[in-house]
Amino acid sequence: MNGHSYELALAAGVLSPLFSFWALVFLGPRMGKPIAGWFGVILGMGVPLAMAAYVLLGWLGLDAAARAQLTVNAIRLHWAYLGSVPVTIGVKLDSLTVAMFFMVTFIAFWIFFFSVGYMAGHSDEVDHQSKYHRFFAYLSLFGFSMLGLVVSSSLLFLFIFWELVGLCSYLLIGFYFDRQYATRAAMKAFITNRVGDFGFIIGLMLVYFHLHTLDLDEAARNFAAQHASGTGIFANTFALFGFALPTLMGIGLFCGAMGKSAQFPLHVWLPDAMAGPTPVSALIHAATMVAAGVYLVARVFRLMTPDALMFISTIGCLTLFLMALIAIVQTDIKKCLAYSTLSQLGYMIFGLGCGAWIAALFHLITHAFFKAMLFLGSGQVIEGCHHEQDMRKMGGLIKKMPVTGITFLIGVLAIAGFGIPGTSIGLGGFFSKDEILAVAYARAFQWDDVKKFESSHERGGEEHHSTENTPQQNGELNDPKSKVRMAKIESGEQFRLVSDEPPHKAAAASPETTEPEHSAHRMASIFAGTKPLPSWMFWLAIATAYITPFYMMRAWWMTFMGKPRDEHVHHHAHESSLMFIPLIVLAGGTLVSSYFLFRPLIADASAVASAAPMVLATDGAVHTQAISAAHHWLEYGVGFAFAIGFIFAIAIYARGLEIARRIQNLFFVWPVHALLVHKYYIDEIYDLVWVKGCLLVANICRFFDTWIVDLVFDTLAAGTERLAAFSGLVLDNHGVDGVVNGVASTSMDVSDVLRGPQTGRIRNYVLFAAGAATMIIVLLLWVGVRSATAVTP
Amino acid sequence: MTIGLTHYLVVAAVLFCGGLFTMMTKRNAVGILIGVELVLTSSILNFVAFDRYLGKGRVDGQITGLFIIVLAAAEAAIAVAICINVYKNLSTVDVDRATRLQG
Amino acid sequence: MDHILSWTVFVPAIGALLCLFAPKRKIRGVAVITTVVALLLSLTLFKTFLGNGHDPSSVFGQRYGTLHHVERAPWIEVPGKFTIEYFLGIDGLGFPLFVLTTFVSFLACLASWNFDHWKNNKGERAYYILFLLLETGMLGVFVSLDFFLFYIFWEVMLLPMYFLIGVWGGPRKEYAAIKFFLFTLAGSVLMLVALVAMYFYSATAIEQAGGLVASVYRHGVNITHGTFDLIELATNPAIQASFASKTTLFLGYPIAPIMFMFLFIGFAIKLPSVPVHTWLPDAHVEAPTPISMILAGVLLKMGGYGFLRVCYPIFPEGGKYWAFTLATVGVVSILYGALCAMAQSDFKKLVAYSSVSHMGYVLLGIAVMTDTGFQGAMFQMIAHGVSSPMCFFLVGVIYDRAHHREINRFGGLWLTMPRYGTLATIGFFASLGLPGMCGFIGELWVLIGTFQAGAKYTWAYPMAILAASGVILTAGYILWLIRRVYLGKEREEYADYSDADPRETLILIPMAALCIAMGVLPMQTVFNYTNGTLNQVLAHVTGGQ
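Note that the protein sequences, when read in sequence, are chains S, G and F.
Positions 1 to 793 (the numbering used here) are the ones given, in order, by the first sequence.
Positions 1 to 103 (the numbering used here) are the ones given, in order, by the second sequence.
Positions 1 to 545 (the numbering used here) are the ones given, in order, by the third sequence.
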């Protein structure tokens, strides 16, 4: 077998959308309406999906050793020198990449597919036919960037693609760029992301400066080596706000994720981003791009420190709770979904912060499926209702749109964490979110137990790895929870043994693997540095688990159930058959992704995380521990959260909006309601502080430039001019000119005297000539006489 | 008494002085021209006389005399032409009134 | 010895001569052909710099002063005193800028094709003659290695520029032209002082070393008296020792810092960096579009080139002495330029201030004296040399139609002019520093280089972070600009505007393509030709540490 065929396939999958982009840019206008769309679907995402499927199938057939071999042998092309450090470009081939690549291509393909129908209507609406192909060009470019981001082996390339997805997001949010609010939202998205990127760049600089590389694996190796020896970045005593340099590096990188994954202080762009066409919201602002931040944190997990993770979990926790609250009061169907996305992203980040590496990524993938489906469903509703997005005007649509309604409900159930506790029956969130909460619980309340368990596990964990099978071949496939646990403990650990270090480099720089005493050392340092999670974080996360089902059910009920509240909207409502195919496929994807394929793949990849020198990816072990200790009440407590949320939602909204209106007018509710409706006034504050503040400073600078700096130089110039005037008028006229003029006037005077004899009369001249001649003769004679007399004696 | 060089020179001097006097006193351009001719004539006489008495058998003086006669003739022709033109333009040959070229 | 450099430098001058005698209708054609010839000639240099592909030392040699296509002949000789040479040569510092110059000149020449003035029969001949003379001056600066010759080309370039702005400019052209002229001239005066001082001090140094010192970079040549040779000044051990010594005094101060400062001010005016930047916005606003392109694309680069060619190699001690000041000026330029740009309502002025901001990165990258910083600064110069002429041309295209540049009066131009809008987006995003485009590489390299300097200078960390915050401001003003001009509803007053015509597209597309190519393949487009020399300069400056 060609050792590089998977990498090449992935690379082809990345480049194909790029080709599609250029083709659409140049040839798009000539392709016409449906053709350009289908072209984009096939070349932009069909080919990558095929590649993804090829790689996935091949990958599943490989055992851990073969995978590790492929990872190690991956091609690295030399791209440039950063100073004297070479920057390489290559495909990071591991299970996480394969899983993400497949997820992205799969979802994107169906969203592309959906767009062909959806945009046919929507690009007409904004006239200009040229926009249709442009939409698919942008989507293709997004496909290229997103896939590039997923496969990047180097932080620098990750950053480059990171910015490119930001660009696509900008272009697509502002797709209806003749509308003010769309362009404003696009700009807001890009600039907010840039704020995050500012942190990312600082993180990159720290990585480059201290770890001397930008390659992800190499950076992690160097980080571990420096940690083990206490050199490099760890020898630096610099600290800011009480954070040591390695922590600052982690936080810097996380800042990028905060921007892209819209975490709390930088979340403001995502709700506004809903100004873009609905497929864009589904693809970019729900399923893939916003998850890139989570993906980044997962990728650089090995560079994290306990303090950095604490920071991350704090941010994630705030986001998940605060955004869920806002979602309760949203009336715009897309905004409601946007806030739920924010909240779910908060869960993922929170999970990573807790060390629930596998759970967070698993949640990323399940969320991608059901949120994409929810957004497409909302797109279907909006399309059917003639661009009405206000849920208060909907209601009773289930009869007109049965497929949409049902798939939407599946999404609602999945996000709410629907499942039957104690069994393995459930949907998406039931597994993934639940597990994040379990880890959080363990980190908050059972940290000592975890310590004990991990320490013993580490010591005893070396022998049984190699004997296990890969999780796909594991007999327990049908029971996701137990399978998952096994997968982590077995394949994950097993993978750690063989994968992460290239054999030839292992001797040089692999302090974190293979040697038991080293593991023990690592554990000791991890436990020394890690504090238990503050309990309020756990309680907020649990509370949100109750809020989520409430607002999701509220949205579903307001839209699909009850009596139609606006006859006009209801009358027009219809379903488009072409567009519900993706809905059904994604609903199927939601079901399947909850059980199959992704979880084991991620678990397989988790060796990356569990090799982290300073932090603990606690998944498997903690999970086991948590269940044995206190997971039962957690499982039931959270497990029925969805039911409680649903019941409240239905109770309030079953009979229209009257009850809700009354509640929100209660004297103690309305201030909160107002606060939530205004999104905590964060937009207003930002506008005042940042936008206005920045413009103020800019105007001051401009004023300074025009009136002060220029004034200085103009004054200098004017001074010179004065000096020139002085020297010209005073010095020159009376001094230098005086001399010259003096000469002139003297000669004038002299000539006036001399011109007297010049009468112009010939007679006078003759007289003068004769007189002169006479005088000369007389003179000569006199001289001659004198000389004659002188000679004579 | 033999006629010697001195006599010639005296005659020439008289001619010269007459010419000079004429030039100085006449306001009529033609008169001045006549004075000029007299001066020229005196110089011719001098050339010839010196050649005759002091020359070493050569005829340089005579030739120069002839040359001056030709020159004088040419000069007279031009001068008369000028006079005529002055008269045509100014209706006078009084040199004191022909002051147009004066600065 | 071949004469490719001489030919390239003087082909425009010959073209100017031809323009003088060409029939009126053919002047434009002659000028364009001349610039094409110069461009092609300069492109042949790639053959030299591609080398054998694997071994950079085959092109760049072992130390600073490995030159190609050298032409040298005594020019003004005072026996026993000095020899001013006609000394041309090219290495990794000059090469990319040389090619950039011919490239931008060609495009600017094309951009002059449909000048409004030509309709009124206003000085077409004079314009092209001055234009071509300007090109000769610019090209000469990048290849002349005798400081005297360098200075002459420097001044040769100044005068045509003055007239090109002052005659064919906008409403306040006289003010702008004289401002440009005086600022540059003020810098030139300081340079002239440095030039003379460098000669005399080198003469003294040689004398003290026994009156005869073997040249390091030229085999078998002995230096017996003072010199204007820029490479010799930088590499001659006796001269360098004397320049670096704290006991060599000029007006009572050590020579290196003070001479460095003189030269620095001269070049910083050209760069331009805050606070001597104010000629730039005025000059840009008043200059006609093609001249703005030249100004932004080439003239500003001479400042950066001057630092790398003259200041640092000859007075490395000065560079170390002033590092903090220079880096501060660089960072202030970045932020201050960006903030000023944000507050502008004149389209062209905004782009002009963005130049100040972008060139701040060049100064910062050079000031910190790290390999990454040098590379980034060089890349940023080339990148800015492609992207900013593009931006200025984009402004020009719309100005030709609207006859105003008020940002707030535009809107929805992307709908009106889709092709133009697309190219404009590329241009402005390149200027914004979007990854995958040219602006990004330069900025990132400079930022990382600055951070890297933290190993020597603690102040470099906060500098890097402050400079990095510039990326937010840049994104802010450029996106706001795009939003106000290109996005939004189509306005009726602009509805009948024609899209970019073939000529305009032809000008924009090479620049757009280069913007992307440089972002994607930085090695193949720039770094391969510059890094060798830059590393040598750096090794020389830092003493090989």
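Keep in mind that the hints were calculated from the coordinates and are not lab data.
Treat the hints loosely; a few may be bogus.
Said to hold, decoys possible - Okay, derived cross-link-like pairs now, DSSO-like style, lysine-lysine, Cα gap no bigger than 27 Å in a straight line:
1. F:Lys24 - F:Lys246
2. S:Lys692 - F:Lys489
3. S:Lys335 - S:Lys393
4. F:Lys489 - S:Lys33
5. F:Lys122 - F:Lys24
6. S:Lys335 - F:Lys173
Treat the numbers as computed from the prediction; the structure is a model and nothing was measured.
We went through each hint and held it up to the structure:
{"no.": "1", "hint": "F:Lys24 - F:Lys246", "verdict": "60 Å, violated"}
{"no.": "2", "hint": "S:Lys692 - F:Lys489", "verdict": "24 Å, holds"}
{"no.": "3", "hint": "S:Lys335 - S:Lys393", "verdict": "15 Å, holds"}
{"no.": "4", "hint": "F:Lys489 - S:Lys33", "verdict": "23 Å, holds"}
{"no.": "5", "hint": "F:Lys122 - F:Lys24", "verdict": "12 Å, holds"}
{"no.": "6", "hint": "S:Lys335 - F:Lys173", "verdict": "53 Å, violated"}
Violated hints, listed in ascending order, are 1, 6; each of the other numbered hints is respected by the structure.
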